[in-house]
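Participant: Residues in the sequence shown are numbered consecutively from 1, following full-length UniProt numbering.
Hints are computed from structural coordinates only; laboratory data are not their basis.
No residue lacks a Cβ here, since even glycine has one placed at the ideal position from N, Cα and C.
Please note that a few of the clues may not be correct.
[To be verified] Computed Cβ-Cβ distance ranges for the label pairs, DEER-style:
| hint | residue 1 | residue 2 | range |
| --- | --- | --- | --- |
| 1 | Ser628 | Thr462 | 53 to 63 Å |
| 2 | Thr357 | Phe457 | 44 to 54 Å |
| 3 | Asn548 | Lys520 | 20 to 30 Å |
| 4 | Gln900 | Pro682 | 51 to 61 Å |
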Amino acid sequence: MVRSMLARAARSPARLSLVSAKRRASAAIRACSRARSASSARIRPLSSSRRARSSDSPAGRHRPSQGPGPAPGPAPPGPAHPAAAPGAAPAARPRPRSSPLRPFLRPGPARMELSAAWHTLSTALVPPAALGLAAPRPEAAGPLQDAELRAALEVLQCYDLHSVVEEWFIEVLQTDLQANIGPEFWKCVIQYENAAEEPQCAALLLDAFSRLKSRLEPYLNSLELLEEWTKAGLLLGTGAQTLREKVYTMFKAILFFTTTKSFQEMIQQFYSRTFRIYMRQWKKGEDGTTECESSMSETEQESDTEEGGGEGSLCPGCSSKREQCWCPEAMEQFQQLNDILRQLNLLERVSADAVTTILHRMIEERMEQRCRGEYEHSFLNEFQEWIEKVIGWLSRVFLQDGPLARSSPEASSTLKRWRCHVQRFFYRIYASMRIEELFSIIRDFPESKPAVEDLKFCLERTNQRQQLLSSLKSALEMRLLHPGVNTSDIITLYISAIKALRELDPSMVILEVACEPIRKYLRTRDDTVRQIVAGLTGDAEGSGDLANELSKADPVTLENGQESDDDISEPGDWVPDPVDADPGKSSSKRRSSDIISLLVSIYGSKDLFINEYRTLLADRLLHQFNYSAEREIRNVELLKLRFGEAQMHFCEVMLKDMADSRRINANIRDEEEKLPEEERPPFSLVAVILSSEFWPPLKEEKLELPEQIKEAMEAYSKKYEKLKAMRTLNWKYHLGLVSLDVELADRTLSLSVSPVHAAIILHFQTRSTWTLTELSEVLKVPVTSLKRKMTLWLQQGVLREEPEGTFTVIEEEQKDQVEKVVLIDSDEEGDSAMASQADQKEEELQLFWTYIQAMLTNLESLSLERIHSMLKMFVMTGPVVTEIDIQELQGFLQKKVRDQQLIFSGGVYRLPKNCN
1 MVRSMLARAA RSPARLSLVS AKRRASAAIR ACSRARSASS ARIRPLSSSR RARSSDSPAG
61 RHRPSQGPGP APGPAPPGPA HPAAAPGAAP AARPRPRSSP LRPFLRPGPA RMELSAAWHT
121 LSTALVPPAA LGLAAPRPEA AGPLQDAELR AALEVLQCYD LHSVVEEWFI EVLQTDLQAN
181 IGPEFWKCVI QYENAAEEPQ CAALLLDAFS RLKSRLEPYL NSLELLEEWT KAGLLLGTGA
241 QTLREKVYTM FKAILFFTTT KSFQEMIQQF YSRTFRIYMR QWKKGEDGTT ECESSMSETE
301 QESDTEEGGG EGSLCPGCSS KREQCWCPEA MEQFQQLNDI LRQLNLLERV SADAVTTILH
361 RMIEERMEQR CRGEYEHSFL NEFQEWIEKV IGWLSRVFLQ DGPLARSSPE ASSTLKRWRC
421 HVQRFFYRIY ASMRIEELFS IIRDFPESKP AVEDLKFCLE RTNQRQQLLS SLKSALEMRL
481 LHPGVNTSDI ITLYISAIKA LRELDPSMVI LEVACEPIRK YLRTRDDTVR QIVAGLTGDA
541 EGSGDLANEL SKADPVTLEN GQESDDDISE PGDWVPDPVD ADPGKSSSKR RSSDIISLLV
601 SIYGSKDLFI NEYRTLLADR LLHQFNYSAE REIRNVELLK LRFGEAQMHF CEVMLKDMAD
661 SRRINANIRD EEEKLPEEER PPFSLVAVIL SSEFWPPLKE EKLELPEQIK EAMEAYSKKY
721 EKLKAMRTLN WKYHLGLVSL DVELADRTLS LSVSPVHAAI ILHFQTRSTW TLTELSEVLK
781 VPVTSLKRKM TLWLQQGVLR EEPEGTFTVI EEEQKDQVEK VVLIDSDEEG DSAMASQADQ
841 KEEELQLFWT YIQAMLTNLE SLSLERIHSM LKMFVMTGPV VTEIDIQELQ GFLQKKVRDQ
901 QLIFSGGVYR LPKNCN
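Kindly generate the complete structure, drawing on both the sequences and the hints.
Facilitator: Listed below in structure tokens is the structure:
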């Protein structure tokens, strides 16, 4: 692997640039040689044979000088290859008389001077081994002085060879890295990978980098010397990229172009251990406060306890036995390794990935243990303090020790960059976790308000709105919008979503987009309007939110209302909508919508809710029988503020009927008390007098009451006619409440039952046994309905069915009869006095049918759209609007076509010819 790595590095562009640089240097040397020869020698043409001998003579090209002088050493780059420049004319070549550098003549003292200068510089700038020379003997003279090196450099300057020094230095360094230093380093690393113990592995890792530093130190020292000469103007610069940058880039490209997986694991294990030790040391420095227990994740604390057998026998930092703790040695090795990597400019390349992985894992583990499922507390400040402690560890990694080094601009920039990275990662991970839990957060709102505020803070710093929208819509559809959830529960969670998402996003765009599936699904539920109205009036379980909203008395605003975004009291408070907002909807309308307005806008009309409230109010008033309407009066007044007085006019009439009924009953009772005892009615009769045009349709059932009760009702009607001239009463026999005492042989039962139940038991006064058919004929009640009504008296032990279809009074209670349990039909419990929605809809459609027949009689044929528009114009008007959309109208007309009451042809409807 090391060989392949070095081979790839050798093929890198840096190698090509160096080779081309060497060629340029050689050309410059040749040009320099020609120029100097021309300036210091007589120009004398040479014969062809002389030129041939000069160019072909090995001694003239390669043989060094044999005279006295210093050891030859490495030849200078230029004179070693004195080939003629390409394209030069042989007949015009000048011949210098006394040139210091004579590539075509025999060597002389100048050549010896240049060779000695090059030898001095080359052996001083690079290790001898890199030049293929033997290491200097210990008794040899010490390093050369700067004056000697400058003198040698001046010799090269005389021949314009000083520009080659830096490029030659880089080429020698590259060759040494590829051939020697890199393979030696990776050979050490591969040997150390087999270390079993973590302390041994850390020590060997430090040893490998120490050896690498010792091999590169001579080059770094020479690098400083070359930089000094460049600043002094003795050397030419290498362009926009400094020599030091080139050297450091070469270290990274050749030594760490690719790394093994085991090496990455060693680095990550080393930094992970030192991070744990550092955080434990910081915790000890906090004087044992419990707050810093959060500096490490609970998973790590539990693992420490498990490793120590629960007795704390292991060091929580290095996980070794306390008597074998190597935390101080680990932190010292940590500091030494960072110093080495910093000196070689390899710190980011070697440790940045490991540090990033460690921090990400620690943040995720800590967040999972501390924040998952906890919505009632904010964790941002706690994590911010923890991140500052992590930054302290990062400063130990990437910064040098000492106050001056830490206060430098470079150090501040490094810490700022890492702090931003850690904070961004925390915000992104924390927001992702809260987005996953958003359904539960909404369900628990407002207790979960701190979690919503944290999520809002993170979303402002990350781009995760689309992730939130898709995740929340998916959670709602999977966990809420299915037949197994009650409509009331869906409405309750929708109300919580309105509150929570308004806190999260004041523009209400997230609410509008994410909760659109809830609105669509609620439109498919038949009892949605009834549940909302019950919540407004406080009749539904857990309806406190809607009742409180109603008490605010803000007018209802529908989403399709017309309002300009410019109609803002304070223009300076205007905030633009997010990019994912619907441009077709008003921003101010969206922001100002309250809970009731949003619920009402599910259907886009107030009339459905007003009609449903009328039905609910009527049912409640007819079941009270005490004329107490204070609560209903309050609700109606609040609804008037919400929906307007015109919409609530019918409800006001209904409440007035209750007050009038109480007054009329009081007057009639006063008159009855003035009568003699024998003229008074046998029982007290209290009536609720309704204005039929203002009340919703009542349930219609046939019932024939006993004569004595009918006589009492007729007497009451006559007294009413005396009080209200020109008015009479139309009794609803099946509606009301009867309080009676059932006296049997051994017991008396006091019950309040419906009129049909009272009529049944009253007939048993005359006969103790009745068949179901006989009772049905007398009461005018269908057999199936009557059998359900008989269940009440069977349950009370007053009647028994024996044989089937025959009922007999039980005068004396029997023991075995007491233990029998007869289930009452659910229809008997809370039986409503109002007509069902299906019955009301059928009645409304019949009203439309009358108008449709009249229109088709006058206009002969009409299209569906024309019929719908005319119905909207002439029928769908008034305080209580009866509406029908075009789809319902089409279904109704098609039903009439199937019943042969209409003809549909050519896209228009017409009446059949035989229709009267």
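Participant: None of the hints should be skipped; say for each whether it holds.
Facilitator: Tested hints:
In this structure the supplied range 53 to 63 Å holds for Ser628 paired with Thr462, their Cβ-Cβ distance being about 57 Å. Checked against the hint of 44 to 54 Å, the C-beta distance between Thr357 and Phe457 comes to roughly 26 Å, which is inconsistent with it. Between Asn548 and Lys520, the C-beta spacing of about 27 Å keeps the proposed range 20 to 30 Å intact. Remark: the range hint 51 to 61 Å for Gln900 to Pro682 is upheld by a beta-carbon distance near 55 Å.
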